[in-house]
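With chain A's structure known, arrange chain B on it following the hints.
If you're matching them up, the sequences are chains A and B in order. Quick note on our numbering: the first sequence kicks off at 268 and runs consecutively. Quick note on our numbering: the second sequence kicks off at 14 and runs consecutively.
Hints were generated in silico from the structure; no laboratory data involved. Treat the hints with care, as some may be off.
Said to hold, decoys possible - Per label pair, the in silico range of CB-to-CB distance:
hint, chain 1, residue 1, chain 2, residue 2, range
1, A, 493, B, 31, 53 to 61 Å
2, B, 31, A, 304, 43 to 51 Å
3, B, 72, A, 515, 57 to 65 Å
4, A, 422, B, 65, 55 to 63 Å
5, B, 139, A, 495, 41 to 49 Å
6, A, 542, B, 75, 19 to 27 Å
7, B, 72, A, 531, 34 to 42 Å
8, A, 524, B, 32, 50 to 58 Å
9, B, 49, A, 524, 52 to 60 Å
10, A, 543, B, 122, 36 to 44 Å
11, B, 260, A, 543, 57 to 65 Å
12, A, 422, B, 122, 44 to 52 Å
13, B, 24, A, 399, 29 to 37 Å
Claimed, not checked - Some, not all, of what chain B presents toward chain A, calculated at C-beta under 8 Å:
hint, residue
14, 62
15, 63
16, 64
17, 78
18, 82
19, 84
20, 116
21, 176
Here a beta-carbon is modelled for each residue, glycine too, at the ideal position from N, C-alpha and C.
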Amino acid sequence: MTATTSLRPAQTRAGTAYRVTGLGVLRSEWAKFWSLRSSWITLGISLLLLIAIGLVAASRYSPQLASEQGKHHLIPVGGNAVAIALAGITLAQLATGVLGVLFTAGEYSTGMIRSTLTAVPTRLPVLWSKIAVFGVTALVLGTAGAVVAFLGGEHFLAGQRIALTLSSSGVLRCLAAAGGYLSLVAVIGMALGALARSVAGGITALIGGLTLLPLLANLLPANWADDVSPYLPGNAGDAMFALTRDSSTLSPGAGLAVFAGWAALLLALAAWRLARTDA
Amino acid sequence: MIEVRELVKRYGAKTAVDGLDFTVRPGTVTGFLGPNGAGKSTTMRVIVGLDAPDSGSATVNGRRYREHRAPLREVGVLLEARSIHPGRTARSHLRGLALTHGIPARRVDEVIGLAGLSAVAHKRAGEFSLGMGQRLGIAAALLGDPETIMLDEPVNGLDPEGVRWVRTLLTGLAAEGRTVFVSSHLMSEMAQTATSLIIVGGGRLLADTTVAEFTRAAAGATVQVSSADPARLRDLLARPGVTVSGAPGSDELQVTGATARQVGQLAADHAIALYELRTRSESLEQAFMALTGDSVEYRARSTA
Numbered sequence: 268m269t270a271t272t273s274l275r276p277a278q279t280r281a282g283t284a285y286r287v288t289g290l291g292v293l294r295s296e297w298a299k300f301w302s303l304r305s306s307w308i309t310l311g312i313s314l315l316l317l318i319a320i321g322l323v324a325a326s327r328y329s330p331q332l333a334s335e336q337g338k339h340h341l342i343p344v345g346g347n348a349v350a351i352a353l354a355g356i357t358l359a360q361l362a363t364g365v366l367g368v369l370f371t372a373g374e375y376s377t378g379m380i381r382s383t384l385t386a387v388p389t390r391l392p393v394l395w396s397k398i399a400v401f402g403v404t405a406l407v408l409g410t411a412g413a414v415v416a417f418l419g420g421e422h423f424l425a426g427q428r429i430a431l432t433l434s435s436s437g438v439l440r441c442l443a444a445a446g447g448y449l450s451l452v453a454v455i456g457m458a459l460g461a462l463a464r465s466v467a468g469g470i471t472a473l474i475g476g477l478t479l480l481p482l483l484a485n486l487l488p489a490n491w492a493d494d495v496s497p498y499l500p501g502n503a504g505d506a507m508f509a510l511t512r513d514s515s516t517l518s519p520g521a522g523l524a525v526f527a528g529w530a531a532l533l534l535a536l537a538a539w540r541l542a543r544t545d546a
Numbered sequence: 014m015i016e017v018r019e020l021v022k023r024y025g026a027k028t029a030v031d032g033l034d035f036t037v038r039p040g041t042v043t044g045f046l047g048p049n050g051a052g053k054s055t056t057m058r059v060i061v062g063l064d065a066p067d068s069g070s071a072t073v074n075g076r077r078y079r080e081h082r083a084p085l086r087e088v089g090v091l092l093e094a095r096s097i098h099p100g101r102t103a104r105s106h107l108r109g110l111a112l113t114h115g116i117p118a119r120r121v122d123e124v125i126g127l128a129g130l131s132a133v134a135h136k137r138a139g140e141f142s143l144g145m146g147q148r149l150g151i152a153a154a155l156l157g158d159p160e161t162i163m164l165d166e167p168v169n170g171l172d173p174e175g176v177r178w179v180r181t182l183l184t185g186l187a188a189e190g191r192t193v194f195v196s197s198h199l200m201s202e203m204a205q206t207a208t209s210l211i212i213v214g215g216g217r218l219l220a221d222t223t224v225a226e227f228t229r230a231a232a233g234a235t236v237q238v239s240s241a242d243p244a245r246l247r248d249l250l251a252r253p254g255v256t257v258s259g260a261p262g263s264d265e266l267q268v269t270g271a272t273a274r275q276v277g278q279l280a281a282d283h284a285i286a287l288y289e290l291r292t293r294s295e296s297l298e299q300a301f302m303a304l305t306g307d308s309v310e311y312r313a314r315s316t317a
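So here's chain A without its partners, still in its complex pose (with noise of 0.2 Å):
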């Protein structure tokens, strides 16, 4: 027998007020990146990636493996105690711009962009709730990560000449700045996720984007690179955590601007193409 179960919700048609709101948005893009498991174990491979690989470093340094001219190591045996923390954020941001990209091109590839969207049709707030919860996840994570990687850290270099604590100067600074790079990161993974609707292309880009770029620009004529190549998203990057600088990179308020520029750049062009084309 078939319940005659009414359709009608338990409350009234008059006494609802649903609406769509700015923050309704943002509770239901937080509530969905949490709620898949992907999200969980590629934030928990980033932060893994980063505390792992910058403990092995400093474990491993010693004054005559850093003083090797020429040597090339996976992991970085030389340089600052910083530097040495934030060895593996070379790679822990690869894990973090593929989530950014599955966060926003996953939902074109699984089908769920229509549902969004039938949500949200004016769905530029979609795109900007995405990227306020990652975007700030990746920050409070990442400066985490970078803290316990130093603090770990601190106790192989203990007695070192490279030793410093976190009161030394410009320690925080560039720990803090490591977060906020990771989650510049996120930010242009989800706007390339949003550009290319596809995972594949959209980790494509982000990877080539952050680590082929560079290297091409080594192909350039001499004085040419040297001009050019600051300004890549992956060197401004980079010099945006870095204790020391040569006169190669910019400092380190610069390279948070060129990087900042890049992200905003592409995350203008994610928003065009998400308000303008058929989903």
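Leaving out everything else, chain B in the frame of chain A:
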């Protein structure tokens, strides 16, 4: 109430919707019928603002969909293409949509119960069968307690029990005074659920009618007559609106546009002996095929 006016939608060189114009009224189930590729899904995508029309308009309750402050409250939609992230549980999926509108968790559980998904509410949608996926899509459509419900091929993949559930649900919603708009490519399915019918083919409107009217037209569509002088009878029958066909040398004629009564009277008036006179009924499916088949032929000729 859904109003579609002079709607045109092109994808590159292909015109998917070509000047569609119709109104879907509250209180009845309106079937949206047409062969695959007739432009049904495109029309529905335009109605909810996923695609922008090239010209013309589609409004829901007097406004364009995106202008509503609570769109889920105005229209609940199930699209043909899957619109669910397989990694989320049924409940998380609905909760994500509900939060945008401030719809309480209580309502989420209510529609889960309504769709018969309580047992699998915490299962990930990727593990769902086609039928369960359809039920989840319908649950999402009901979430905002909308005045208009629009479902694209809702019985796809449902078992007989599910099909009956959808039919009961749709007629129930219409009886509550809501606007119910359901697409299908099967006439037989529509005949059992819908009252009004909008038939499209090749992106154009072929008929804006009711199931009762369509059934009446299909029944008694053709009169078959055998007579002593088919050639003369043929001439006598010739008038606008009547078509007569018959194989040369055969006693038999097929007449459309005239009733058996009229044909019999005409033969008697002119003293033509009849050997057989009968009305042939078409099945609804045949009548539908004849209607949409013509549209395809017409299109082919017009583009040649």
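Structure-based check of each hint:
1. Separation of residue 493 (chain A) from residue 31 (chain B) is about 59 Å and conforms to the stated range, judged on CB atoms against 53 to 61 Å.
2. Checked against the hint of 43 to 51 Å, the pair residue 31 (chain B) and residue 304 (chain A) passes, with Cβ atoms roughly 45 Å apart.
3. Distance hint check for residue 72 (chain B) and residue 515 (chain A): the Cβ-Cβ separation is about 60 Å, which falls inside the suggested range of 57 to 65 Å.
4. Between residue 422 (chain A) and residue 65 (chain B) the beta carbons are some 60 Å apart, a value that agrees with the proposed interval 55 to 63 Å.
5. At about 45 Å, the beta-carbon gap between residue 139 (chain B) and residue 495 (chain A) stays in the expected band of 41 to 49 Å.
6. Against the hinted window of 19 to 27 Å, the Cβ-Cβ separation of residue 542 (chain A) and residue 75 (chain B) comes to about 24 Å, which satisfies the hint.
7. Separated by about 36 Å at the C-beta atoms, residue 72 (chain B) and residue 531 (chain A) satisfy the suggested range of 34 to 42 Å.
8. About 52 Å separates the C-beta atoms of residue 524 (chain A) and residue 32 (chain B), a value consistent with the hinted range of 50 to 58 Å.
9. Hint check: residue 49 (chain B) to residue 524 (chain A), Cβ distance near 54 Å, so the stated range 52 to 60 Å holds.
10. For residue 543 (chain A) and residue 122 (chain B), the hinted distance range of 36 to 44 Å is satisfied, since their beta carbons lie about 38 Å from each other.
11. Distance hint check for residue 260 (chain B) and residue 543 (chain A): the Cβ-Cβ separation is about 59 Å, which falls inside the suggested range of 57 to 65 Å.
12. In this structure the hint that residue 422 (chain A) and residue 122 (chain B) lie 44 to 52 Å apart at CB holds, the actual value being about 50 Å.
13. Take residue 24 (chain B) and residue 399 (chain A): their Cβ atoms lie about 34 Å apart, and the range 29 to 37 Å holds.
14. Contact between residue 62 (chain B) and chain A, as hinted, is supported at the beta carbon level, the nearest pair being about 4 Å apart and thus within 8 Å.
15. Hint status for residue 63 (chain B) relative to chain A: holds, with the closest Cβ pair at about 5 Å, below 8 Å.
16. Here the hint on residue 64 (chain B) is kept, as its CB sits about 4 Å from the closest CB of chain A, short of 8 Å.
17. Here the hint on residue 78 (chain B) is kept, as its CB sits about 6 Å from the closest CB of chain A, short of 8 Å.
18. About 5 Å separates the beta-carbon of residue 82 (chain B) from the nearest beta-carbon of chain A, less than 8 Å, and the hint is met.
19. Checking residue 84 (chain B) against chain A: minimum C-beta separation of about 5 Å stays under 8 Å; hint holds.
20. Taken as an interface hint, residue 116 (chain B) checks out: its beta carbon lies about 5 Å from the nearest beta carbon of chain A, inside 8 Å.
21. For residue 176 (chain B), the shortest C-beta to C-beta distance to chain A is roughly 13 Å, which exceeds 8 Å, and the interface hint is violated.
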